[in-house]
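Numbering-wise (the numbering used here), the sequence shown opens with residue 1 and increments by one.
Derived from the structure by calculation, the hints contain no laboratory data.
Warning: the hint list may mix true and false statements.
[As the list claims (entries may be wrong)] Label pairs and their computed distance ranges (CB to CB):
| hint | residue 1 | residue 2 | range |
| --- | --- | --- | --- |
| 1 | 74 | 38 | 16 to 26 Å |
| 2 | 91 | 113 | 28 to 38 Å |
| 3 | 58 | 78 | 35 to 45 Å |
| 4 | 102 | 62 | 13 to 23 Å |
| 5 | 93 | 121 | 33 to 43 Å |
| 6 | 116 | 91 | 33 to 43 Å |
Virtual Cβ for every residue (Gly too), placed ideally from N, Cα, C.
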Amino acid sequence: MGDEAQKPDGTFRIPSPYTNRRQRTISVTELAAQSPRLNGTIKEFCREKGHGFIIPSEGGVDLFVHISDVEGEFIPIKGDEVTFQKILIPPKNESYQAVHVKITHLKEGEIHHRWDGSTVQ
(Lines of atoms letter the chains of each structure in order from A and count residues from 1; the text may use other names and numbers.)
(Lines give C-alpha, C1' and ligand atoms only; values in the text may rest on other atoms or scores of the structure.)
Protein backbone atom coordinates (compact mmCIF):
# COMPACT_ATOMS: atom_id res chain seq x y z
CA MET A 1 0.00 0.00 0.00
CA GLY A 2 1.11 3.55 -0.57
CA ASP A 3 2.29 5.52 2.43
CA GLU A 4 0.29 8.40 3.83
CA ALA A 5 1.80 11.68 2.72
CA GLN A 6 1.04 15.13 4.03
CA LYS A 7 -0.08 17.61 1.37
CA PRO A 8 0.96 21.29 1.40
CA ASP A 9 -2.42 22.32 2.88
CA GLY A 10 -1.79 20.14 5.95
CA THR A 11 -4.22 17.38 5.02
CA PHE A 12 -3.14 13.84 4.22
CA ARG A 13 -3.40 11.83 1.01
CA ILE A 14 -5.28 8.57 1.16
CA PRO A 15 -2.88 5.64 0.73
CA SER A 16 -2.96 4.18 -2.77
CA PRO A 17 -4.41 0.68 -3.14
CA TYR A 18 -1.90 0.00 -5.94
CA THR A 19 1.68 -1.07 -5.43
CA ASN A 20 4.44 0.62 -7.35
CA ARG A 21 7.84 -0.72 -8.31
CA ARG A 22 9.52 0.44 -5.08
CA GLN A 23 6.90 -1.20 -2.86
CA ARG A 24 6.86 -4.56 -4.62
CA THR A 25 8.18 -7.58 -2.76
CA ILE A 26 10.87 -9.78 -4.27
CA SER A 27 8.41 -12.64 -4.79
CA VAL A 28 5.94 -10.40 -6.67
CA THR A 29 8.80 -8.98 -8.76
CA GLU A 30 9.90 -12.51 -9.66
CA LEU A 31 6.33 -13.46 -10.62
CA ALA A 32 6.13 -10.40 -12.88
CA ALA A 33 9.41 -11.35 -14.57
CA GLN A 34 8.05 -14.85 -15.29
CA SER A 35 4.71 -13.71 -16.72
CA PRO A 36 4.31 -13.45 -20.51
CA ARG A 37 4.56 -10.13 -22.34
CA LEU A 38 1.15 -8.95 -23.54
CA ASN A 39 0.04 -6.24 -25.97
CA GLY A 40 -2.32 -3.36 -25.46
CA THR A 41 -3.13 0.28 -26.14
CA ILE A 42 -2.95 3.22 -23.75
CA LYS A 43 -6.51 4.26 -22.88
CA GLU A 44 -5.38 7.26 -20.84
CA PHE A 45 -2.32 8.40 -18.90
CA CYS A 46 -1.81 11.42 -16.65
CA ARG A 47 1.76 12.31 -15.69
CA GLU A 48 0.55 14.66 -12.96
CA LYS A 49 -1.57 11.96 -11.30
CA GLY A 50 1.12 9.36 -11.89
CA HIS A 51 -0.99 6.67 -13.49
CA GLY A 52 -3.15 5.58 -16.40
CA PHE A 53 -4.92 2.60 -17.95
CA ILE A 54 -4.19 0.09 -20.71
CA ILE A 55 -6.76 -1.65 -22.92
CA PRO A 56 -5.43 -5.22 -23.31
CA SER A 57 -5.42 -6.52 -26.91
CA GLU A 58 -6.82 -9.87 -25.76
CA GLY A 59 -9.82 -8.09 -24.23
CA GLY A 60 -10.98 -8.00 -20.67
CA VAL A 61 -10.82 -5.32 -18.01
CA ASP A 62 -8.64 -2.23 -18.50
CA LEU A 63 -5.41 -2.48 -16.51
CA PHE A 64 -4.03 0.15 -14.14
CA VAL A 65 -0.44 1.28 -14.83
CA HIS A 66 1.64 3.26 -12.32
CA ILE A 67 4.10 5.86 -13.60
CA SER A 68 7.00 3.91 -12.04
CA ASP A 69 6.20 0.92 -14.29
CA VAL A 70 6.59 2.83 -17.58
CA GLU A 71 9.94 2.02 -19.19
CA GLY A 72 11.54 4.05 -21.97
CA GLU A 73 12.04 7.68 -22.86
CA PHE A 74 8.47 8.73 -23.78
CA ILE A 75 5.46 9.60 -21.63
CA PRO A 76 2.55 7.44 -22.84
CA ILE A 77 -0.46 9.09 -24.47
CA LYS A 78 -3.85 7.77 -25.53
CA GLY A 79 -3.46 5.49 -28.54
CA ASP A 80 0.17 4.45 -28.02
CA GLU A 81 0.67 0.71 -28.50
CA VAL A 82 2.49 -1.01 -25.65
CA THR A 83 3.74 -4.33 -24.36
CA PHE A 84 3.50 -5.16 -20.67
CA GLN A 85 3.33 -7.89 -18.08
CA LYS A 86 0.55 -8.13 -15.55
CA ILE A 87 0.53 -9.00 -11.87
CA LEU A 88 -2.14 -9.41 -9.23
CA ILE A 89 -2.60 -6.39 -6.99
CA PRO A 90 -1.88 -7.34 -3.37
CA PRO A 91 -3.07 -7.83 -0.71
CA LYS A 92 -6.40 -9.24 -1.98
CA ASN A 93 -5.06 -10.46 -5.35
CA GLU A 94 -8.47 -9.89 -6.95
CA SER A 95 -7.46 -7.73 -9.92
CA TYR A 96 -4.43 -7.06 -12.10
CA GLN A 97 -2.17 -4.13 -12.91
CA ALA A 98 0.27 -3.68 -15.80
CA VAL A 99 4.00 -3.62 -15.06
CA HIS A 100 7.17 -3.31 -17.19
CA VAL A 101 5.22 -1.23 -19.73
CA LYS A 102 7.12 -0.42 -22.94
CA ILE A 103 5.80 1.70 -25.81
CA THR A 104 6.19 -0.24 -29.07
CA HIS A 105 4.48 2.22 -31.45
CA LEU A 106 3.89 5.92 -30.82
CA LYS A 107 0.47 7.14 -31.94
CA GLU A 108 0.99 8.80 -35.32
CA GLY A 109 0.26 12.48 -35.80
CA GLU A 110 0.55 13.30 -32.09
CA ILE A 111 3.20 15.24 -30.19
CA HIS A 112 5.04 12.99 -27.76
CA HIS A 113 6.87 14.29 -24.71
CA ARG A 114 9.96 12.72 -23.27
CA TRP A 115 10.46 12.44 -19.51
CA ASP A 116 13.22 15.09 -19.81
CA GLY A 117 10.70 17.62 -21.20
CA SER A 118 11.73 17.56 -24.87
CA THR A 119 9.14 16.75 -27.55
CA VAL A 120 8.91 14.79 -30.78
CA GLN A 121 6.21 14.70 -33.44
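Would you list, in rising numerical order, the hints stated earlier that this structure does not obey?
-> 3
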